[in-house]
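Trainee: Protein chains in written order, with the UniProt record's numbering: chain W, 1 to 475; chain H, 1 to 475.
What the hints contain is simulated information worked out from the structure, not anything from laboratory work.
One or more of the hints may lead you astray.
What the hints assert, rightly or not - Covered stretches of chain H, going by a simulated chain W footprint (3 or more residues, C-beta under 8 Å):
1) 62-68
2) 298-306
Claimed, not checked - Listing some non-contacts, in silico: residues in chain H with all C-beta distances to chain W over 12 Å:
3) 352
4) 359
5) 386
What the hints assert, rightly or not - If we take Cβ atoms under 10 Å as the criterion, some of the chain H residues that face chain W in the derived model are:
6) 7
7) 94
8) 151
9) 174
10) 248
11) 285
The beta-carbon is built from N, C-alpha and C at its ideal position, and this holds for glycine as well.
Residue strings, one per chain:
There are 2 protein chains.
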Amino acid sequence: MTSMQQVNPRVLGIREPSKLQSLAACVTQEIRQGANKPFKKVIDVSSCDPHRAGMDPVSFVRQVLAVCLYPELLEDKSLPLDVRQRAQTLLGACEGRSVGSYSTTSCGLPLVQKSVAEFITSRDVGVKSRLEDIILCGGSQKAVSMVLHLMASREGRTQTGVLTPAPCPHTLPALLEMCGVKQVLYHLMEDQGWAVDLNEMQRALKAARGHCEPRAIYISNPGNPTGHVQDRETMEELIRFVAAEGLVLLAEEVYQDSVFGHDKEFLSYKKVLFDMGKELSETVELVSFHSLSSPCIGECGLRGGYMEIINMEPEVTKHLKRMLGPYTPPVLPQLALQLMVNPPTPGELSYQTYLQEILHIKTTLSQNAQRAHEFLNALPGMTCQPAMAGVFLFPCLHLPTEMIEEAKMLGVKADVLYCQRLLEEEGVCLGAGCENGQEDQNYHIRLCVLAPPDTLDQVLARLRSFHLRLLSRFP
Amino acid sequence: MTSMQQVNPRVLGIREPSKLQSLAACVTQEIRQGANKPFKKVIDVSSCDPHRAGMDPVSFVRQVLAVCLYPELLEDKSLPLDVRQRAQTLLGACEGRSVGSYSTTSCGLPLVQKSVAEFITSRDVGVKSRLEDIILCGGSQKAVSMVLHLMASREGRTQTGVLTPAPCPHTLPALLEMCGVKQVLYHLMEDQGWAVDLNEMQRALKAARGHCEPRAIYISNPGNPTGHVQDRETMEELIRFVAAEGLVLLAEEVYQDSVFGHDKEFLSYKKVLFDMGKELSETVELVSFHSLSSPCIGECGLRGGYMEIINMEPEVTKHLKRMLGPYTPPVLPQLALQLMVNPPTPGELSYQTYLQEILHIKTTLSQNAQRAHEFLNALPGMTCQPAMAGVFLFPCLHLPTEMIEEAKMLGVKADVLYCQRLLEEEGVCLGAGCENGQEDQNYHIRLCVLAPPDTLDQVLARLRSFHLRLLSRFP
Numbered sequence: 001m002t003s004m005q006q007v008n009p010r011v012l013g014i015r016e017p018s019k020l021q022s023l024a025a026c027v028t029q030e031i032r033q034g035a036n037k038p039f040k041k042v043i044d045v046s047s048c049d050p051h052r053a054g055m056d057p058v059s060f061v062r063q064v065l066a067v068c069l070y071p072e073l074l075e076d077k078s079l080p081l082d083v084r085q086r087a088q089t090l091l092g093a094c095e096g097r098s099v100g101s102y103s104t105t106s107c108g109l110p111l112v113q114k115s116v117a118e119f120i121t122s123r124d125v126g127v128k129s130r131l132e133d134i135i136l137c138g139g140s141q142k143a144v145s146m147v148l149h150l151m152a153s154r155e156g157r158t159q160t161g162v163l164t165p166a167p168c169p170h171t172l173p174a175l176l177e178m179c180g181v182k183q184v185l186y187h188l189m190e191d192q193g194w195a196v197d198l199n200e201m202q203r204a205l206k207a208a209r210g211h212c213e214p215r216a217i218y219i220s221n222p223g224n225p226t227g228h229v230q231d232r233e234t235m236e237e238l239i240r241f242v243a244a245e246g247l248v249l250l251a252e253e254v255y256q257d258s259v260f261g262h263d264k265e266f267l268s269y270k271k272v273l274f275d276m277g278k279e280l281s282e283t284v285e286l287v288s289f290h291s292l293s294s295p296c297i298g299e300c301g302l303r304g305g306y307m308e309i310i311n312m313e314p315e316v317t318k319h320l321k322r323m324l325g326p327y328t329p330p331v332l333p334q335l336a337l338q339l340m341v342n343p344p345t346p347g348e349l350s351y352q353t354y355l356q357e358i359l360h361i362k363t364t365l366s367q368n369a370q371r372a373h374e375f376l377n378a379l380p381g382m383t384c385q386p387a388m389a390g391v392f393l394f395p396c397l398h399l400p401t402e403m404i405e406e407a408k409m410l411g412v413k414a415d416v417l418y419c420q421r422l423l424e425e426e427g428v429c430l431g432a433g434c435e436n437g438q439e440d441q442n443y444h445i446r447l448c449v450l451a452p453p454d455t456l457d458q459v460l461a462r463l464r465s466f467h468l469r470l471l472s473r474f475p
Numbered sequence: 001m002t003s004m005q006q007v008n009p010r011v012l013g014i015r016e017p018s019k020l021q022s023l024a025a026c027v028t029q030e031i032r033q034g035a036n037k038p039f040k041k042v043i044d045v046s047s048c049d050p051h052r053a054g055m056d057p058v059s060f061v062r063q064v065l066a067v068c069l070y071p072e073l074l075e076d077k078s079l080p081l082d083v084r085q086r087a088q089t090l091l092g093a094c095e096g097r098s099v100g101s102y103s104t105t106s107c108g109l110p111l112v113q114k115s116v117a118e119f120i121t122s123r124d125v126g127v128k129s130r131l132e133d134i135i136l137c138g139g140s141q142k143a144v145s146m147v148l149h150l151m152a153s154r155e156g157r158t159q160t161g162v163l164t165p166a167p168c169p170h171t172l173p174a175l176l177e178m179c180g181v182k183q184v185l186y187h188l189m190e191d192q193g194w195a196v197d198l199n200e201m202q203r204a205l206k207a208a209r210g211h212c213e214p215r216a217i218y219i220s221n222p223g224n225p226t227g228h229v230q231d232r233e234t235m236e237e238l239i240r241f242v243a244a245e246g247l248v249l250l251a252e253e254v255y256q257d258s259v260f261g262h263d264k265e266f267l268s269y270k271k272v273l274f275d276m277g278k279e280l281s282e283t284v285e286l287v288s289f290h291s292l293s294s295p296c297i298g299e300c301g302l303r304g305g306y307m308e309i310i311n312m313e314p315e316v317t318k319h320l321k322r323m324l325g326p327y328t329p330p331v332l333p334q335l336a337l338q339l340m341v342n343p344p345t346p347g348e349l350s351y352q353t354y355l356q357e358i359l360h361i362k363t364t365l366s367q368n369a370q371r372a373h374e375f376l377n378a379l380p381g382m383t384c385q386p387a388m389a390g391v392f393l394f395p396c397l398h399l400p401t402e403m404i405e406e407a408k409m410l411g412v413k414a415d416v417l418y419c420q421r422l423l424e425e426e427g428v429c430l431g432a433g434c435e436n437g438q439e440d441q442n443y444h445i446r447l448c449v450l451a452p453p454d455t456l457d458q459v460l461a462r463l464r465s466f467h468l469r470l471l472s473r474f475p
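Using the sequences plus the hints, can you model the full thing?
Mentor: In structure tokens:
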């Protein structure tokens with residue numbers, strides 16, 4: 001019989017990713033069963049899930065995928081010609097012209113690998129990307145976990161460690177635990193808009209050695225959940241650091257399509273690395289990750305993503321591909337990825353609609369971020385760094401001492417308690433900062449601002465009611 | 001820098017799942033580049049991938065999924081009403097009515113869990129299935145690997161071991177290695193149509209103890225790649241054995257929808273277990289697996305599946321669900337699963353078409369299996385057990401001693417050499433028996449017979465040419 005004593009010790013440490021989401025599900029269930037609440041519906045903005053929030057999907061993506069699934073629609077004249085042509089092309093890339101066949105190789109469909117490589121080459125002007133460096137898989141988290149699994153090794157003082165930011169994406173800690181990798185936190189500088197600080201990085205690395213064997217640095221740029229966009233200078237510093245310390249650079253760049261801060265632009269780590277000259281660009285090991293869950297496309301439920309692998313020893317890359325062997329990636333998300341990196345171009349029938357839809361999403365996002373930032377900063381006991389990209393705000397809570405004491409007595413973290421009460425009293429589900437590995441003398445909350453403006457307004461209004469009531473309870 | 005010395009020792013042992021498929025890709029590439037070959041196209045029947053082979057997908061499944069992806073089609077009167085109604089229902093089960101949203105929980109959409117539980121309840125007459133025992137995920141292999149990952153523990157003589165049949169599904173060995181689980185083989189009885197033999201199972205278990213800690217038995221029924229269908233008596237024997245030895249029963253039942261042998265019927269392990277009385281049905285730990293890749297639906301590329309968990313300690317099940325946390329399953333394959341377990345019913349508009357399509361697939365499969373079996377048995381130096389279910393034949397090769405010697409000299413297994421030559425000379429890609437863990441004094445090949453009849457005819461004709469030529473080389 002299997003008991004908890006027999007469970008793999010490597011996975012024993014895994015905790016519930018968020019008890020708040022389970023609580024949100026309970027409250028929703030209570031409402032359905034007729035419970036009397038001061039709200040009709042729970043709004044969950046703890047994670048980024050644009051379509052759930054009510055944002056519309058991009059029509060071109062959905063149209064092409066629908067035709068690929070049901071090729072009889074190739075004859076349907078009510079669908080734009082370029083939609084049907086694209087579906088033809090994509091079907092031609094599938095074995096037996098069917099999305100129901102397995103992917104040819106564990107790295108994905110060559111046509112899609114090629115499109116991704118072309119997209120990267122065109123994005124990183126002057127830096128070529130090669131099809132054989134692209135691995136497609138069921139989402140960027142899946143990709144990250146494959147690389148972690150490859151590097152994970154040993155236990156105790158020689159266990160593989162990975163430096164990760166605090167705050168980090170809230171799904172990352174569980175991923176690291178699953179792979180048996182030790183998380184080593186480096187703190188981002190909140191008062192500098194959550195910038196990376198090299199001294200802090202060095203401190204973290206030094207402190208980690210002796211406790212584990214740090215092998216890689218995980219960077220989220222544009223930052224999840226910080227909304228920070230790194231500048232070239234910082235990135236160069238980091239690359240030199242990584243090179244000097246012989247670490248692997250894991251660059252999660254899922255929010256690359258949603259930079260809206262004034263004068264800010266996305267630079268990929270690959271581009272910056274290659275601009276630094278051959279000595280570095282031919283040696284620094286870099287794996288970058290991108291995903292269909294990126295804000296503009298927002299196809300989270302399809303679960304697709306890719307990684308690009310640079311300067312890894314060929315034998316090691318080969319082994320990584322071998323590890324993927326038993327799990328060829330699902331086909332449909334690969335096709336969606338092809339549409340994401342290769343959207344309609346000027347002159348094509350769907351171009352105008354596509355452009356308008358993307359523009360609408362981007363405008364909504366940037367206006368929401370701006371509005372929410374001002375709103376939150378105007379609340380007493382809350383300070384919020386402006387977001388320059390991505391979908392989250394990560395404001396700091398200055399909680400009354402009494403509430404912190406109360407949380408201690410209840411054996412729960414104060415940010416979690418704050419979110420629980422907000423959820424129970426106002427039906428808004430936020431993320432607690434501790435889920436992002438952010439635990440210091442202050443507390444934080446996480447909210448996704450990619451939602452229809454009236455949804456955001458409701459979230460903010462309910463949050464304010466709760467927050468002011470809370471403060472008035474502890475005058 | 002990461003070198004092979006630094007790769008996770010737990011994954012170091014993973015080998016290429018099949019070099020033959022890579023070789024097949026090379027040959028295909030050569031043909032594209034104009035190489036002169038005695039064949040125009042490689043036919044790969046080494047694995048089951050019905051749509052690649054040219055079988056048509058089930059229209060109802062594709063129509064509903066297309067509407068779910070592009071809900072504007074809800075208004076398309078050219079699609080049957082029940083298709084659009086079903087799509088409405090499924091969209092209602094998705095967050096924000098979009099397949100682009102994450103699954104609500106790591107176990108999948110409750111509506112789909114419920115449909116699966118109802119399907120099992122109705123299949124296993126009198127044995128109730130509960131929604132909360134159903135976990136949906138990205139394919140049955142993914143499900144198996146989660147359970148293995150949960151159980152995997154330690155190294156050396158205390159490493160977790162799993163008893164698996166020889167021959168076993170050809171994807172299983174790599175899966176076990178990935179999870180750090182030791183494979184312990186029990187041999188199936190070829191001369192009894194690949195039946196399980198309890199004495200052999202006992203021998204394998206006894207021999208394994210001391211080398212590892214056997215914790216579970218993996219059973220494939222109907223058998224992949226054997227086509228064997230277990231009878232109630234054997235299953236009862238096995239259940240008693242599992243109970244006496246305190247093992248977990250992992251029942252892969254992916255081919256449950258494709259039993260065609262005379263007087264044969266599929267019985268689930270759950271049904272048999274529950275018919276044996278409370279003492280066993282309340283204690284034996286059973287996890288059963290099913291998948292969208294099952295022959296009739298054959299949606300391999302979508303990658304969806306479920307597992308049902310019986311009698312696992314609640315804490316352990318909870319932990320398994322926790323492990324799934326970071327990877328909520330993709331939504332579309334869940335919807336496809338709902339369609340698979342809940343097809344159109346009499347009176348619904350799509351019923352007749354659905355019925356005809358499924359009947360066509362089943363008839364093709366059973367006639368192909370019968371024809372191929374007779375054909376192969378008629379070849380000199382080949383004996384083939386009849387398949388009673390599933391999609392594979394697994395004939396035994398009686399190779400000339402000279403060829404076996406030649407293979408030894410070339411440092412390759414004789415069954416692999418046979419398949420390589422067949423591929424190079426005739427453009428047919430079969431599986432080598434050693435990929436299924438089948439290595440004894442005889443050699444085996446694996447071929448999938450689920451393909452349009454004329455494709456199968458070509459495969460058989462080319463195989464005969466090659467085989468006879470080979471035998472004539474070594475008279």
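Trainee: Any of the earlier hints contradicted here, and which numbers?
Mentor: none
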